[in-house]
Amino acid sequence: MIQALNSALDVMMARDPDVLTFGEDVGYFGGVFRVTEGLQQRYGATRCFDAPISEAGLVAAAIGMGAYGLRPVVEIQFADYIYPAFDQIVSEAARLRYRSAGEFTSPITIRTPYGGGIYGGQTHSQSPEALFAHVAGLKVVIPSTPHDAKGLLIAAIEEDDPVIFLEPKRIYNGPFDGHHDRPIEPWSRHPAGETPEGYYRIPLGQAAIVRSGSAVTVLAYGTMVHVALAAALESGIDAEILDLRTIWPVDIEAIVASVKKTGRCVIVHEATRTSGFGAELAALVQEHCFYHLEAPIARVTGWDTPYPHVFEWEYFPGPARVGAALRRVLEG
Amino acid sequence: MRFATDPFGRKSNLPAAHRRNSKPLSLRVPAPKFRPGDTPDFSGLNLSAPGAAARPEIDAPAASMRALAFDLIRVLDANGQAVGPWDPRLDVETLKRGLKAMQLTRAYDDRMFRAQRQGKTSFYMKCTGEEAVAVAQTLALHADDMTFPTYRQQGILITRDYPLVDMMNQIYSNAKDPMLGRQLPVMYATREYGFFSISGNLATQFSQAVGWAMASAYKGDDRICAAWIGDGSTAEGDFHHALNFASVYRAPVLLNIVNNQWAISSFAGLSAGDGETFAARAIGYGLPALRVDGNDFLAVYAATHWAAERARANLGATVIELFTYRAEGHSTSDDPSKYRPKDEAQAWPLGDPIARLAQHLMALGTWSPADQAALEKACEVQVRTAQKQAEANGVLGSGQRPSPASMFEGVYKEQPWHILRQRQESGV
Ligand SMILES: Cc1ncc(C[n+]2csc(CCOP(=O)(O)OP(=O)(O)O)c2C)c(N)n1
Ligand SMILES: [Mg+2]
Chain F
1 MIQALNSALD
11 VMMARDPDVL
21 TFGEDVGYFG
31 GVFRVTEGLQ
41 QRYGATRCFD
51 APISEAGLVA
61 AAIGMGAYGL
71 RPVVEIQFAD
81 YIYPAFDQIV
91 SEAARLRYRS
101 AGEFTSPITI
111 RTPYGGGIYG
121 GQTHSQSPEA
131 LFAHVAGLKV
141 VIPSTPHDAK
151 GLLIAAIEED
161 DPVIFLEPKR
171 IYNGPFDGHH
181 DRPIEPWSRH
191 PAGETPEGYY
201 RIPLGQAAIV
211 RSGSAVTVLA
221 YGTMVHVALA
231 AALESGIDAE
241 ILDLRTIWPV
251 DIEAIVASVK
261 KTGRCVIVHE
271 ATRTSGFGAE
281 LAALVQEHCF
291 YHLEAPIARV
301 TGWDTPYPHV
311 FEWEYFPGPA
321 RVGAALRRVL
331 EG
Chain P
333 MRFATDPFGR
343 KSNLPAAHRR
353 NSKPLSLRVP
363 APKFRPGDTP
373 DFSGLNLSAP
383 GAAARPEIDA
393 PAASMRALAF
403 DLIRVLDANG
413 QAVGPWDPRL
423 DVETLKRGLK
433 AMQLTRAYDD
443 RMFRAQRQGK
453 TSFYMKCTGE
463 EAVAVAQTLA
473 LHADDMTFPT
483 YRQQGILITR
493 DYPLVDMMNQ
503 IYSNAKDPML
513 GRQLPVMYAT
523 REYGFFSISG
533 NLATQFSQAV
543 GWAMASAYKG
553 DDRICAAWIG
563 DGSTAEGDFH
573 HALNFASVYR
583 APVLLNIVNN
593 QWAISSFAGL
603 SAGDGETFAA
613 RAIGYGLPAL
623 RVDGNDFLAV
633 YAATHWAAER
643 ARANLGATVI
653 ELFTYRAEGH
663 STSDDPSKYR
673 PKDEAQAWPL
683 GDPIARLAQH
693 LMALGTWSPA
703 DQAALEKACE
713 VQVRTAQKQA
723 EANGVLGSGQ
733 RPSPASMFEG
743 VYKEQPWHIL
753 RQRQESGV
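Sequence lines, in order, name chains F and P. 1 is the number of the first residue of the first sequence in my numbering; add one for each residue after it. 333 is the number of the first residue of the second sequence in my numbering; add one for each residue after it.
Simulated from the structure, these hints should not be mistaken for lab results. Source: prediction; values computed, not measured. Some hints could be false.
[As the list claims (entries may be wrong)] Now the stretches of chain P that chain F is said to cover, found in silico as 3 or more residues with beta-carbon under 8 Å:
{"hint": "1", "segment": "561-568"}
{"hint": "2", "segment": "732-741"}
[Claimed, not checked] Result set (DMTMM-like, lysine to aspartate or glutamate): computed pairs, CA atoms no more than 25 Å apart in a straight line:
{"hint": "3", "chain 1": "P", "residue 1": "Lys720", "chain 2": "P", "residue 2": "Glu708"}
{"hint": "4", "chain 1": "P", "residue 1": "Lys428", "chain 2": "P", "residue 2": "Asp442"}
{"hint": "5", "chain 1": "P", "residue 1": "Lys365", "chain 2": "P", "residue 2": "Glu708"}
{"hint": "6", "chain 1": "P", "residue 1": "Lys709", "chain 2": "P", "residue 2": "Asp498"}
{"hint": "7", "chain 1": "P", "residue 1": "Lys674", "chain 2": "F", "residue 2": "Glu37"}
{"hint": "8", "chain 1": "P", "residue 1": "Lys745", "chain 2": "F", "residue 2": "Asp304"}
{"hint": "9", "chain 1": "P", "residue 1": "Lys745", "chain 2": "F", "residue 2": "Glu314"}
{"hint": "10", "chain 1": "P", "residue 1": "Lys508", "chain 2": "F", "residue 2": "Glu314"}
{"hint": "11", "chain 1": "F", "residue 1": "Lys260", "chain 2": "F", "residue 2": "Asp238"}
{"hint": "12", "chain 1": "P", "residue 1": "Lys745", "chain 2": "P", "residue 2": "Glu524"}
{"hint": "13", "chain 1": "P", "residue 1": "Lys365", "chain 2": "P", "residue 2": "Glu660"}
{"hint": "14", "chain 1": "P", "residue 1": "Lys551", "chain 2": "P", "residue 2": "Asp667"}
{"hint": "15", "chain 1": "P", "residue 1": "Lys709", "chain 2": "P", "residue 2": "Asp476"}
{"hint": "16", "chain 1": "P", "residue 1": "Lys720", "chain 2": "P", "residue 2": "Asp442"}
{"hint": "17", "chain 1": "P", "residue 1": "Lys432", "chain 2": "P", "residue 2": "Asp493"}
{"hint": "18", "chain 1": "P", "residue 1": "Lys355", "chain 2": "F", "residue 2": "Asp18"}
{"hint": "19", "chain 1": "F", "residue 1": "Lys260", "chain 2": "F", "residue 2": "Glu294"}
{"hint": "20", "chain 1": "P", "residue 1": "Lys365", "chain 2": "F", "residue 2": "Glu37"}
{"hint": "21", "chain 1": "P", "residue 1": "Lys428", "chain 2": "P", "residue 2": "Glu708"}
{"hint": "22", "chain 1": "P", "residue 1": "Lys670", "chain 2": "F", "residue 2": "Asp10"}
{"hint": "23", "chain 1": "P", "residue 1": "Lys670", "chain 2": "P", "residue 2": "Asp606"}
{"hint": "24", "chain 1": "P", "residue 1": "Lys670", "chain 2": "F", "residue 2": "Glu37"}
{"hint": "25", "chain 1": "P", "residue 1": "Lys674", "chain 2": "P", "residue 2": "Asp373"}
{"hint": "26", "chain 1": "P", "residue 1": "Lys508", "chain 2": "P", "residue 2": "Asp498"}
The C-beta atom is built at its ideal place from N, Cα and C for all residues, glycine as well.
Taking the hints into account, I'd like the entire structure generated from these sequences.
Here it is, written out as structure tokens:
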């Protein structure tokens, strides 16, 4: 996935001189996860460069560049460190178009690795997508494969509104299904591990059905897509699994069509449960599909605690917990 | 006269000719002098001679000592002699205590780094080459003064004789981990030893420390507070909030900037512009600033003691820049050969803090290479012994750890219904 993201940046920087990228350690070093590797060499230090350790500062600079007319892509080293920039994102980038009646806009992309599973403790593991989905004016995107990551990042950079692009770091190097005790699978063995050369885009706002089924709909994104697939396989339940890909604005049609078909719904995310994005999804499903539901909607999520270092695998909603929810919903 | 219009189509009252640049603008992006493959050369560094920096009275106004934000306070000369007005004239016993704490810190770092490589824990961070910062500063403070450290001041705990076994228990997230397995390794916290909970989010502690100091002043207490921050982290807003609040409320706090030249792969020039010092940040806030050779145990001690006396006299905060060098990688996840010359640490002109203090003791005639070798050995044995004890309580992945049910505790003082339900659902 790292190469796919790198390729998306490469393609866009080659196509459009107004695309540039910066963030902590992204220049010469190429980013702590290597997503910007080689870009400084290829495009020069004024198009791919290091920023001071100031998330508020670097997002604000991106907003200013966007106001000028550039398309900056900034990296926040870990999603857990995005909070110093919260005011700039929430009060500024998100509302600029509305409050200036379109005089100014924020065509910026904020990339950031998120999620647990790497023994990162509470400051390298969080999933803050709901905080941003809650804000009017932001788009929120989370890919689950290299193929999607490249196409979605290209679409995000071309987007005229600010996009929070969350990268599931646990699947940077392979499709992790929650079985942490098994050997790591590389992307090379996964069908969506291949990324076409050159330019292509996956439009924002479109979910993908990664497994069709008839018994129950699973709504997932990021790493949890792979966990849900494993749970379906291991439980033998004929689940239809939707990879939302864009968290907001979410593909409501795809969700409604699937839930109307299956009559059941399980929502899976790694983030804490309370006021998580699953709560919004559950509300949407009951608003749109109430008379088709044959069982209460279930949520499988991280617990409402900070991400604990040594209890990572008790915290992480793995395939066993997803499988149990699938069975529960089918019995209901 | 012809008038230009501004980008909004309004008339500007400047003549068009005045609004044009003779050359197009260009964006400056700074870069360090040396990258992998280059030969590091620090001869251009502006280093004051040992003993040269002036030592003001503690009640001197900040405006009268601005030069100290640009000079470098140094006490030890090339021969290991203490020279100049900043010589703290420490007794041999204190010097040896400092040497031992630095050596023990280094031995501890080496063992824990190795333990991570052996898969016994997930992560570790060393402070190699920077030991004088935490150790000398802790010795210059009172034992009950409060500290707000970063992840590179493990030397505070070691100097205050916090048990090594407990530090290791934290590193291993084992059954006796004082942080109950919740925290990434090195994120210690202990109220008893005056050591605030280390945050993974950079710079947050710096302004919190000012609040602690304000509270101490509010209560008429006599304890002061010290905070640390890295060069890179001074770019965060919290750094500036700290200086402003400390200045406005004249808080009894020491604001220490550890300039080890690097912030992961980013050089110090990214957080302070060319030719600037970090200490000079204080000037705009009206705070006194001392720039100190961070590898000179005596200079660090003396500057800290000076600032502590000033704070205790209710004269407020001091900013101290500790000029040092991060001799090893940022953490166990880092490979510095990717972004700086391999031998840059060896080329660092201010040497190694342990070697320099040992040299001083030898110059005083109270230490020998044999004593130094014995100290190194003794520290290694002490660390190994502690390690055996700690590993008896488990290492990461061994299954010996706090009870999983405990992960649901402590989110709030009392467990609300939803967390209780989640614990039941989890089956732990
Ligand atoms: C708010 C925030 N942003 C980014 C990071 C990631 N990060 C961890 S350490 C570090 C470098 C810090 O450098 P410096 O302040 O110089 O301290 P040093 O590591 O050199 O002691 C970075 C960028 C973080 N932990 N918190
Ligand atoms: Mg540093």
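- [ ] Quickly compare the C-alpha distance for P:Lys720 and P:Asp442 to 25 Å and report which way the hint goes.
- [x] Holds - the C-alpha atoms of P:Asp442 and P:Lys720 are around 15 Å apart, at most 25 Å.
Task: Given pair status - F:Asp238, F:Lys260, alpha carbons within 25 Å - done: holds, 15 Å
- [ ] Report holds or violated for chain F covering the segment 732-741 of chain P, Cβ cut-off 8 Å, minimum 3 residues.
- [x] Contact hint for the segment 732-741 of chain P vs chain F: holds, 5 residues under 8 Å.
Task: Straight-line alpha-carbon gap P:Lys674 to F:Glu37, limit 25 Å - done: holds, 20 Å
TODO: Apply the coverage criterion to the segment 561-568 of chain P and chain F: a residue qualifies when its Cβ sits closer than 8 Å to a Cβ of the chain, and three qualifying residues are needed.
DONE: holds (count 4)
Task: Agreement of P:Lys432 and P:Asp493 with the hint, judged by alpha carbon distance not exceeding 25 Å - done: Distance of about 12 Å is within 25 Å: holds.
Open item on the list: Hinted pair, alpha-carbon criterion (25 Å max): P:Lys745, F:Glu314. Please report holds or violated.
Closed with: Judged against 25 Å, a Cα distance of about 22 Å means the pair holds.
Open item on the list: Between the alpha carbons of P:Lys365 and P:Glu708, is the straight-line distance 25 Å or under?
Closed with: violated, 35 Å
TODO: Quickly compare the C-alpha distance for P:Lys670 and F:Asp10 to 25 Å and report which way the hint goes.
DONE: Roughly 21 Å between the alpha carbons, so the hint for P:Lys670 and F:Asp10 holds.
- [ ] Could you grab the alpha-carbon distance between P:Lys355 and F:Asp18 and see if it respects the 25 Å cut-off?
- [x] holds, 21 Å
Task: P:Lys720 paired with P:Glu708 [C-alpha distance capped at 25 Å] - done: This hinted pair holds, its Cα atoms lying about 18 Å apart.
Open item on the list: P:Lys670 and P:Asp606 were given as a pair; does the straight-line alpha-carbon distance stay at or below 25 Å?
Closed with: holds, 23 Å
The structure does not agree with the numbered hints 5, 14 and 15 stated previously, though it agrees with the rest.
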